[in-house]
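**Q** Sequence:
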Amino acid sequence: MDTKKIITGMFIISTIMGCSIHKKAAKERAEMLQQLPQSAQIIRAADLERLPQPVKQWLASSGVVGKKRTQTAFVEQTLRMKLKPNQEKWYQGKANQIFTIWKPGFNWMMKMKMSPVMNVKARDKFANGNGEMHIKMNNIITIAKAQGPKIDEASLQRFLGEMVWFPSAALSDHINWETIDSTSARATITINDIEASGTFNFNTQGEVVSFSAMRYKDTDAEAKRQLWINTIEKIGVINGIRVPVKTSTTWRLDDGDWTWLKLEITDIKLNPAIKQITNP
7 MDTKKIITGM FIISTIMGCS IHKKAAKERA EMLQQLPQSA QIIRAADLER LPQPVKQWLA
67 SSGVVGKKRT QTAFVEQTLR MKLKPNQEKW YQGKANQIFT IWKPGFNWMM KMKMSPVMNV
127 KARDKFANGN GEMHIKMNNI ITIAKAQGPK IDEASLQRFL GEMVWFPSAA LSDHINWETI
187 DSTSARATIT INDIEASGTF NFNTQGEVVS FSAMRYKDTD AEAKRQLWIN TIEKIGVING
247 IRVPVKTSTT WRLDDGDWTW LKLEITDIKL NPAIKQITNP
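For what it's worth, the working numbering labels the leading residue of the sequence shown as 7, then goes sequentially.
What the hints contain is simulated information worked out from the structure, not anything from laboratory work.
Take the hints with a grain of salt, since some may be wrong.
Derived DEER-like restraints, expressed as beta-carbon distance ranges [stated by the list, open to error]:
#, residue 1, residue 2, range
1, Leu89, Thr272, 21 to 27 Å
2, Leu42, Lys252, 28 to 34 Å
3, Glu37, Ile200, 17 to 23 Å
4, Gln47, Ala227, 41 to 47 Å
Heads up, simulated DSSO-like pairs for lysine-lysine below, C-alpha to C-alpha not over 27 Å straight-line [claimed, not checked]:
#, residue 1, residue 2
5, Lys100, Lys275
6, Lys88, Lys117
7, Lys240, Lys275
8, Lys95, Lys117
9, Lys275, Lys117
10, Lys223, Lys30
11, Lys240, Lys88
12, Lys223, Lys240
13, Lys230, Lys156
A quick note: this is a predicted structure, and the numbers were derived from the prediction, not measured.
We treat Cβ as the ideally placed atom computed from N, Cα and C, and that holds for glycine.
Modelling step: build the complete structure from the supplied sequences, incorporating the hints.
**A** Here you go:
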């Protein structure tokens, strides 16, 4: 048996399959961007008045007033990830993600190297009211694929938590806000018949410091909602808007906290040309 030929063959298959995965994601992204609104309105200070005070302060301090409302966003990330609670090593990866705000949705593509001969590609999406997660090893073996009501709800909560990268999304008609206290507010987003909620916490300067939600970690029949926390570790300025540029994500499990993801934002494009964001 020629080991070199086997490895070469696996590389060729992986490359072909990788191209098909990217083609599928590109098609999904193009479909998401259909019926894009012709123009985006300029945000006025008066537009913030209907929001709870801490949310209003957040949007004002982020610098969105006087700028166009975000209709689409493209976010590039580097990441570190752990796949199980007792794992010590952090795997390294890169990802990019598009968001549609007028019709809430996202499409996230990630590639993570686990060893010199093994990598993982993941595609997570929410579009037309439905979420789906698909993970492949070496572009060949599907190691996870999930969809259904629990994924739909969890995906909407993810959208809520990640709109900190394009704060004007807080003005969406799909989102209802409730004041909790002077530094926190609850957001509920509704798409079709799907509803999801989460809590934003802020400091006294109006910066968001965390987002938390009771969220499904698994999708089996016995799955239950567990506390999911996105913690903001650093704020930066991109496109003239103050946004989180470093975050960590934690599950609060029965046997302790599991911080499984650390993200660093390398670029954000707001309302970019469609051709800039359809290719994953």
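**Q** Each hint: holds or not?
**A** The hints, checked one at a time:
no., hint, in the structure
1, Leu89 - Thr272: 21 to 27 Å, "23 Å, holds"
2, Leu42 - Lys252: 28 to 34 Å, "30 Å, holds"
3, Glu37 - Ile200: 17 to 23 Å, "19 Å, holds"
4, Gln47 - Ala227: 41 to 47 Å, "45 Å, holds"
5, Lys100 - Lys275, "17 Å, holds"
6, Lys88 - Lys117, "14 Å, holds"
7, Lys240 - Lys275, "19 Å, holds"
8, Lys95 - Lys117, "17 Å, holds"
9, Lys275 - Lys117, "20 Å, holds"
10, Lys223 - Lys30, "26 Å, holds"
11, Lys240 - Lys88, "21 Å, holds"
12, Lys223 - Lys240, "26 Å, holds"
13, Lys230 - Lys156, "9 Å, holds"
Of the numbered hints given earlier, the model fails none.
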